[in-house]
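Using the sequences and the accompanying hints, generate a full structural model.
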Amino acid sequence: MVAATNWATLPETLRSEPLQQALWLSVTTSTAAVAFCLVLGLPLAWVLARVSFRGRGALRALVTVPLVLPPVVAGVALRTAFGRTGVIGEPLLALTGFSFPFTTWGVVLAHVFVSLPFVVIAIEGALRSADRDFDLAAATLGATRWTTFRRVTAPLAMPGIVAGMVLGWARSLGEFGATITFNGNYPGTTQTMPNLIYVTRQSDQDAALALSLVMLVVSVAVLLLLRDRWLGVP
Amino acid sequence: MVAATNWATLPETLRSEPLQQALWLSVTTSTAAVAFCLVLGLPLAWVLARVSFRGRGALRALVTVPLVLPPVVAGVALRTAFGRTGVIGEPLLALTGFSFPFTTWGVVLAHVFVSLPFVVIAIEGALRSADRDFDLAAATLGATRWTTFRRVTAPLAMPGIVAGMVLGWARSLGEFGATITFNGNYPGTTQTMPNLIYVTRQSDQDAALALSLVMLVVSVAVLLLLRDRWLGVP
Amino acid sequence: GGDDQAEGQQELTVLAAASLTDAYEELAATFTEQTGAEVTFSFGSSTDLAEQAADGAPGDVLATADEASMQVAEDAGVAGEVTTFATNVLVIVTPPENPAGIEGLDDLTGSTWVRCADEVPCGRVALAVLEAGGVTSEPASLEEDVRATLDKVISGEADAGLVYATDAVAAGDAVETVEIPGAEEQTTSYFTTPLSQSEDAGLAAEWVELVTSEEGQEILVDAGFTLP
Amino acid sequence: MAGGAVSLDLDLHVPGRVRVALRAEPGEVIAVIGPNGAGKSTLVHALAGLVPATGSAVLDGTDLLALPTRERSVGLVFQRQLLFPHLSALDNVAFGPRARGGSRREAEQRAHDWLDRLGVGELSGRRPRELSGGQAQRVAIARALATDPRLLLLDEPLTGLDVKVAMALRIELGRHLATYDGITLLVTHHALDALTIADRVLVLDEGRVAQLGTPAEVAQRPRTEHVARLVGLNVVPSEGRLTAFTPDAVTVSLEPPVGSARLRWHGPVVDVSPHGDAVRLLVRAEPDLIADVTPAAATELGLAPGREVWLSVKETAVRRYDLAPEQTGTVAP
Amino acid sequence: MAGGAVSLDLDLHVPGRVRVALRAEPGEVIAVIGPNGAGKSTLVHALAGLVPATGSAVLDGTDLLALPTRERSVGLVFQRQLLFPHLSALDNVAFGPRARGGSRREAEQRAHDWLDRLGVGELSGRRPRELSGGQAQRVAIARALATDPRLLLLDEPLTGLDVKVAMALRIELGRHLATYDGITLLVTHHALDALTIADRVLVLDEGRVAQLGTPAEVAQRPRTEHVARLVGLNVVPSEGRLTAFTPDAVTVSLEPPVGSARLRWHGPVVDVSPHGDAVRLLVRAEPDLIADVTPAAATELGLAPGREVWLSVKETAVRRYDLAPEQTGTVAP
Ligand SMILES: Nc1ncnc2c1ncn2[C@@H]1O[C@H](COP(=O)(O)OP(=O)(O)OP(=O)(O)O)[C@@H](O)[C@H]1O
Ligand SMILES: Nc1ncnc2c1ncn2[C@@H]1O[C@H](COP(=O)(O)OP(=O)(O)OP(=O)(O)O)[C@@H](O)[C@H]1O
Ligand code: MOO
Ligand SMILES: [Mg+2]
Ligand SMILES: [Mg+2]
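Chain order of the listed sequences is A, B, C, D and E.
Using our numbering, the first residue of the first sequence is number 1, and each one after it goes up by one.
Using our numbering, the first residue of the second sequence is number 1, and each one after it goes up by one.
Using our numbering, the first residue of the third sequence is number 1, and each one after it goes up by one.
Using our numbering, the first residue of the fourth sequence is number 1, and each one after it goes up by one.
Using our numbering, the first residue of the fifth sequence is number 1, and each one after it goes up by one.
It is worth saying that the hints were derived from the structure and are not from the lab.
Do not rely on the hints blindly, as some may be mistaken.
[To be verified] Below, simulated SDA-like cross-link-like pairs (lysine to any residue); rule was C-alpha separation at most 20 angstroms, straight line:
#1 164(E) <-> 206(D)
#2 164(D) <-> 285(E)
#3 164(D) <-> 280(E)
#4 164(E) <-> 208(D)
#5 164(E) <-> 164(D)
#6 314(D) <-> 288(D)
#7 164(E) <-> 267(D)
#8 164(E) <-> 247(D)
#9 164(E) <-> 314(D)
#10 164(D) <-> 243(E)
#11 164(D) <-> 275(E)
#12 164(E) <-> 236(D)
#13 164(E) <-> 288(D)
#14 164(D) <-> 246(E)
#15 164(D) <-> 195(E)
#16 164(D) <-> 314(E)
#17 314(E) <-> 253(E)
Because the structure is a prediction, the values reported are computed rather than measured.
Structure, rendered in structure tokens:
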């Protein structure tokens, strides 16, 4: 892929406004998505790993569903739920005047939808691997479940949580299909890097490859930065 | 999505040969892919989690790369490497007369490529969360690294490994983009469920939704079966 | 336009089938020259775009590569007057130097060749062309769209592919083109319509006008389209 | 302290592992002793809510068993320590006070104080991995004490400590517990802990209460062989009663003893070890018995492991008492 | 056994934690004692390869420090046990023999034998979580012994065991080690272990060798306060030499002693505990001293904690010897 890139036109490609817009949009929406995933996914993973209840298997299956949906179908599912005439989208629009599709929030929503399972399942795995007796020790010291989770369980499972976040972030970044189906492909608003690459590839294969390379470099750089900082801990 | 399905035509959809072929192909290739991912990914994850060496960060980044590639770009990358005129594909074709594209093995290859990072990163997270001192205990008992890994490290990280496999399997199952770009879309050979759903949607939205639903039900059923069996251990 | 800016800069948003990318970007330049309005595109598959338009996606004009998709927009009541503005014929493309020596439909038999899936517009056309040519050999792959078909040929994975003339033009030197006698009998048509959610119906109408004007048609022909 | 005098009314059952009924008065320290697997840790864990139990454990009017662990206000030193590996010693100890709502400064102050009292103040910045076994043990004790629990559960708190520290800690703990109005259960394998710190001793055997009494009672009339060994007595059951005698009352000979000694046993010496100025023998008879002889006698008789010997005690040197735990006051003959 | 007599030549340094030079003969059992944090576990872990160390540890001609852990052929009982939580007791013990290439059947047979010898044969199917602390400790010992190591490293193997088991194990271990031609390092806080099982005693203090000698030498001429306390002696440094005396040689009075006693100290009683037939006092003087008095005297003098007392010993009751570790043979006065 590196070999196939047209190096002569690369500088020009880099300076183009669509690229800069799309890259910025991709990075910000993926980051926002992973933040939401964490907020939703951490408690969910904890419940799945630590609380025994009827229907746990079903909850886990439900969480896993977006994982096995082909992205386009995920987009359709999202539309069914959050579209302007969707089950949730319609009342939402009526109440607040806000609707997800074709907005940057819609992109974030699509990302959260496809990434959440990765975050939840990776973190659940890590929580299950960790020694549960430390939770008990915290309880004898009077810690609530929340305090225990925050100060004991989560720090001990940190490598797994970071892994989950990396997976979720990367999944968001590379997401193509759900986003374009649910949100369209508007430069500056919903045109993420994969969408831009898709469009560019229609007319200029080389430019598309150059864009892919840019995206690769940026994301690997971000991953490299993140990982050693966090996984160095234990 | 459930609501939008055209229930009247469902039985007919279910009996259609393309569906049966595609479903079977999807399940078998995903399962094969996750098996390969495990064979490759488990040692890789172990190396990343346990061995300190220069370039560990770089290796991890390299493993992570397919994660952030939009699927179509992943397909292009695969082709550059394993295509008929690819870096590896050309000598391979010359030597053995075998070439990946347009074959079921090509599908498996594409699945492995996109799923491996999920497997590796999830397992690495779990390995890092687990107590390393048990490895040391095994070493004092004369166990080689391999024995230690097989009999101590891996069993203790089992929930994380299962999580990694689930992620990888689901990622394979939902994979769309790399497969079609690298392998095309031929019924019975390379037409997986997501491909079938995609092309069906071009002409018949309802049929596509019905197919998605079938896929969903099958995959959730498989996941439900697997998870409780394995995650019940600890 | 779909995305009006405070200072009154006019904007036009067009939802267009991905196969129109090259031609439409050129048309946009002309349009901006003539009207001063900025053009923004949301390119995608015709099916997606029609559904999005039906769901109220911001946009002034919709252009699809098939009638079925346009019907979706019409059924949803978001379409205005529908115009056919271009057609596209199928050609055979091969990698440079045509390694498998493909000279016509008959040579496909015995080679690794690809075409679009039956369900997508270019596949339906291909099916008709092949039937007319009496070809019974099976392709190696039924591609999701015409772009993927072209891609297999450019990359050398396939010895030949059935694509639109526009794609062959867009690919330039990356492929060699073999015309198919009688292909013009089996074309695919492109449809366009102003959308009811347009906030500037005048501007939308101007775009449709440009596309169907002589100047516009010239640009389309340059891109490989034929005229209806 | 947690304020107000606290009493404990216990009638607790962990199926297959332990069953204990007991009433403890405010401020009481109860030593829990018994062989490995007797159920000591199980009892302590059940009280802390880490093992499900039936019955009741009424502390101060509320049944602990009905509360979740974190509301039980117990302090527990685990046999396995379980210090949080990612927190420094200081943060480990400050964890409890903070979890119970203290401010960060207060909590750290408390933690500092406790670490200092236990002699590991200068290690407060270290992670558990960077501590020696005994240092970590002291941090674990500090962690349990720092929450001012109403019920203090110490599972072998003094193991792994060197003699000097163990002694110092025994004193420190004794001093702390003397002014403490909560209730303490102290699991130990050391007679000294049981006899010096405790107000009463609870002897567990195979999950049941074998004996419950003051240290003096237990030391003088041990009802199980385990306790007898713990306090350095020989105890022999006969005719439904127990016969106890000290090791130095035992006469060792190579020939069967003649004369009046009715109590005599035969068996091989299995161990010889110094014991103060004497030499202590362990003889595998029915049951195992210990005997103290002078070094001179030991040399003369050639008392090495494997040597077959006869043991006897005079009737006047033994104390007899009933087996039944109820009648702790009886003496005979 | 691993076959062939084995000697160990040690000159090992773990920066900031321990430095030890030592030569051990085939079959020797060396007890390692010292206060918490002295470096005992560090020494043992360095030999096992779990802590990086410089220097050399030549076992049988090969330098252990140059080998990876698994090739060192050491058997290690961890202070933290570290039994594999997912394996049964049997599989834990069979792990070593299997890892060293034994067949499954052989390995399990060995494991069974060892579990039986340590009295936990009937628990072989249990996971570590389902064992009591002492039961787990025995499985951990079995696991280390079952590999027939050439170097056996036991880090406080007898803690957490009840008296009877500890005694039985001391005997079992003693018997095993007597016929064992490998070398054993036994870390312990118990004088009895050190004095009964060991051929030599290595005393560590703050990471250095404070003393190395036979149990008798160490017991009679302890060079550190820690060892003195361990063997129940008082040791007082003066003029570069050490003065040792037994607790029963100490006279306790409420008034400053008159007369010839040159050796006298003053301080508060901090602990009173029974010791055999006597009462043992701990007095906070310079340094801390222990004194045994009769129960009658204790009552008469009102010897409760806090009481200020005078201690004295007669010159004839003390033994003096040099501080320097080199001259282990000197006696004085
Ligand atoms: N999780 C468990 N499941 C089943 N049995 C258990 C479990 N935990 C402990 N036991 C058993 O219960 C009995 C009591 O164990 P407990 O840990 O209370 O003993 P203990 O008195 O603390 O012994 P020690 O002195 O060895 O620590 C033992 O026989 C032990 O094997
Ligand atoms: N990972 C570490 N990093 C830094 N210092 C450490 C580390 N582990 C232990 N130490 C320190 O090294 C010294 C020796 O520790 P070690 O564990 O060898 O003591 P020990 O003699 O085994 O004590 P104990 O009787 O308490 O088990 C202690 O002061 C301890 O705090
Ligand atoms: O843009 Mo199309 O409808 O996929 O040719
Ligand atoms: Mg216990
Ligand atoms: Mg230690």
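### Task
Please work out if residue 164(E) and residue 314(D) have their alpha carbons no farther apart than 20 angstroms.
violated, 25 angstroms
### Task
Starting from residue 164(D), check that the Cα of residue 275(E) is at most 20 angstroms away, please.
holds, 16 angstroms
### Message
Please verify whether residue 164(E) and residue 206(D) have alpha carbons no more than 20 angstroms apart.
### Response
This hinted pair holds, its Cα atoms lying about 15 angstroms apart.
### Pairwise hint evaluation, residue 267(D) against residue 164(E), where the allowed Cα distance is 20 angstroms at most
Holds. Residue 164(E) to residue 267(D) sits at ~18 angstroms (cutoff 20 angstroms).
### Restraint check for residue 164(E) with residue 164(D), where alpha carbons must lie at most 20 angstroms apart
violated, 24 angstroms
### Task
Below or equal to 20 angstroms on CA atoms is what counts here, so check residue 314(D) against residue 288(D).
holds, 18 angstroms
#### Entry: Pairwise hint evaluation, residue 288(D) against residue 164(E), where the allowed Cα distance is 20 angstroms at most
holds, 10 angstroms
### 20 angstroms Cα cutoff - pair residue 314(E), residue 253(E)
Roughly 14 angstroms separates the two Cα atoms, so the pair holds.
#### Entry: 20 angstroms Cα cutoff - pair residue 164(D), residue 195(E)
Holds. Residue 164(D) to residue 195(E) sits at ~18 angstroms (cutoff 20 angstroms).
### Task
Could you grab the alpha-carbon distance between residue 164(D) and residue 280(E) and see if it respects the 20 angstroms cut-off?
holds, 15 angstroms
### Message
Does residue 314(E) sit within 20 angstroms of residue 164(D), going by the straight-line distance between their CA atoms?
### Response
violated, 25 angstroms
### Query
Taken at face value, is the distance from the CA of residue 236(D) to the CA of residue 164(E) at most 20 angstroms?
holds, 15 angstroms
When each numbered hint is compared with the structure, violations occur for hints 5, 9 and 16.
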